[in-house]
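Visitor: Sequence:
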Amino acid sequence: MVFSGSDSNGDNGRNIITYQWRNDPDLSSKSDMDYIHDLIQSLTDHIYSNPKDYEAIFFRGNGYLDSQQYDLGIADYSVLIDLPNPDERALNNRSLCWRGLGEFQRGLEDSSAAINIDPDYRDALNNRGMLYADIGEHRKAVIDFTRAIEIDPDYWYAYNNRAHSYLIMGNKSDAFQDYEKVRELLGH
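Numbering-wise, the sequence shown is residues 28 to 215 according to this note's numbering.
Label-pair distances were calculated between CB atoms; the ranges are:
(1) PRO180 to ASP72: 38 to 44 angstroms
(2) ARG210 to SER76: 47 to 53 angstroms
(3) GLY214 to SER139: 29 to 35 angstroms
(4) GLN204 to SER76: 48 to 54 angstroms
(5) ASP80 to LEU128: 24 to 30 angstroms
(6) LEU213 to ASP59: 20 to 26 angstroms
(7) GLY214 to ASP72: 39 to 45 angstroms
(8) ARG210 to ASN112: 37 to 43 angstroms
The hints are simulated quantities; they were obtained by calculation from the structure and are not laboratory data.
Ideal Cβ placement from N, Cα and C applies to all residues, glycine included.
Please model the complete structure; the sequences and the hints are all you need to start from.
Guide: Laid out in structure tokens, this is it:
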């Protein structure tokens with residue numbers, strides 16, 4: 028419901044949006060995870076009939092990653108990695124599955140392999156930085172986060188991750204600057 032009037036601060040003429048979600052017939056009873064599971068099932072049915080549809084295998088791997096079914100994601104991404112020309116996206120995403128399983132060294136191997144294929148792969152650099160941070164190698168993490176930022180100066184997530192590593196390293200000034208940049212990029 029939207030109405031004009033004054034808000035609690037007395038500002039007249041502002042549109043104030045209120046929303047009563049209970050018993051809303053337009054709301055789905057399905058959660059995001061339900062949709063992911065439906066997507067996985069649909070892709071599985073499709074892959075059964077089209078076993079060489081590598082894009083579908085990649086998307087199903089993403090569904091497994093998003094639903095924290097890391098072993099199944101690893102299996103799908105491995106299909107793409109074992110092709111004659113390994114898919115750097117699959118290497119990067121498999122590194123996230125390894126991270127989810129606490130297998131940080133294996134994740135580092137995959138993210139590094141993705142970066143070897145594409146040295147300007149922003150997400151793989153950021154993810155490798157997170158893996159370095161996971162094992163306490165924050166100087167290496169900062170190098171990767173910085174490289175990701177050089178590739179994409181508006182990549183707030185890398186600034187946030189770098190700030191966290193700076194804090195752990197005791198570099199509060201640089202951490203503060205990065206957190207301020209995150210606020211700026213996110214409009215806060």
